[in-house]
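Colleague: Sequence:
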Amino acid sequence: MAGATDYARELLRRQFLEMSRNPPEGVSVGLGDDENIFNWEIMLVGPPDTLYEGGFFKCVLEFPPNFPNMPPKMTFKSEMWHPNVYANGVVCISILHPPGEDQLNQQETADERWRPILGVESILVSVISMLSDPNDDSPANIDAAGRGD
Numbered sequence: 001m002a003g004a005t006d007y008a009r010e011l012l013r014r015q016f017l018e019m020s021r022n023p024p025e026g027v028s029v030g031l032g033d034d035e036n037i038f039n040w041e042i043m044l045v046g047p048p049d050t051l052y053e054g055g056f057f058k059c060v061l062e063f064p065p066n067f068p069n070m071p072p073k074m075t076f077k078s079e080m081w082h083p084n085v086y087a088n089g090v091v092c093i094s095i096l097h098p099p100g101e102d103q104l105n106q107q108e109t110a111d112e113r114w115r116p117i118l119g120v121e122s123i124l125v126s127v128i129s130m131l132s133d134p135n136d137d138s139p140a141n142i143d144a145a146g147r148g149d
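All residue numbers for the sequence shown refer to the UniProt record's numbering, where the first residue is 1 and numbers rise by one.
Hints were generated in silico from the structure; no laboratory data involved.
Certain hints may be false.
Pairs of lysine to any residue residues, derived as SDA-like cross-links and limited to a Cα-Cα distance of at most 25 Å, are as follows [said to hold, decoys possible]:
#1 K58 to L96
#2 K58 to D33
#3 K73 to C92
#4 K73 to S28
#5 K58 to L118
#6 K73 to D133
#7 K58 to V45
#8 K77 to H97
#9 K58 to S78
#10 K77 to D136
#11 K73 to V60
#12 K77 to D111
#13 K58 to H97
#14 K77 to N88
#15 K58 to A87
#16 K58 to D111
#17 K58 to C92
#18 K77 to G89
#19 K58 to V90
#20 K77 to A87
#21 K58 to V125
#22 K73 to V29
#23 K77 to Y7
#24 K73 to G26
#25 K77 to E35
#26 K73 to P139
#27 K73 to I117
#28 K77 to S20
#29 K73 to N39
#30 K73 to E10
#31 K58 to G3
#32 K58 to S20
Just need the whole structure built from these sequences, with the hints factored in.
Modeller: This is the structure in structure tokens:
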């Protein structure tokens, strides 16, 4: 497992440097602990023309030792009322679900789930997109889902 962890550490170090130099619009990255590349602090700026416009939202990305084979977990530390965010702040979108088919979730294809070829930028862009266009069909927070009432 040390080999996999070493690979994950080096890959994350490279992706962190790239995200530090060229982050997606509305995103900044940092490390919660300078010694732990497996725990990133993210600051997101709410996208224009959304309920979140102008807001600043702190998140944490926690990477498993077997990254990139398995996806990280993303949690909002700032309060977030969103259909695809659980009450505890955990983000629930396809790209953060483990790879492969999920027989219990027929709404989601394997191509929509995490794949090792994806990187951190893909996750961050997906989360910004989630803020702009929530998925009310598969909510983590039913109360936040648009129900038209």
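Colleague: Each of the hints needs a verdict: does it hold here or not?
Modeller: Hint check:
no.	hint	verdict
1	K58 to L96	18 Å, holds
2	K58 to D33	15 Å, holds
3	K73 to C92	9 Å, holds
4	K73 to S28	17 Å, holds
5	K58 to L118	22 Å, holds
6	K73 to D133	20 Å, holds
7	K58 to V45	9 Å, holds
8	K77 to H97	20 Å, holds
9	K58 to S78	5 Å, holds
10	K77 to D136	22 Å, holds
11	K73 to V60	8 Å, holds
12	K77 to D111	28 Å, violated
13	K58 to H97	21 Å, holds
14	K77 to N88	9 Å, holds
15	K58 to A87	15 Å, holds
16	K58 to D111	28 Å, violated
17	K58 to C92	16 Å, holds
18	K77 to G89	6 Å, holds
19	K58 to V90	12 Å, holds
20	K77 to A87	11 Å, holds
21	K58 to V125	15 Å, holds
22	K73 to V29	15 Å, holds
23	K77 to Y7	28 Å, violated
24	K73 to G26	20 Å, holds
25	K77 to E35	21 Å, holds
26	K73 to P139	17 Å, holds
27	K73 to I117	17 Å, holds
28	K77 to S20	20 Å, holds
29	K73 to N39	10 Å, holds
30	K73 to E10	19 Å, holds
31	K58 to G3	32 Å, violated
32	K58 to S20	16 Å, holds
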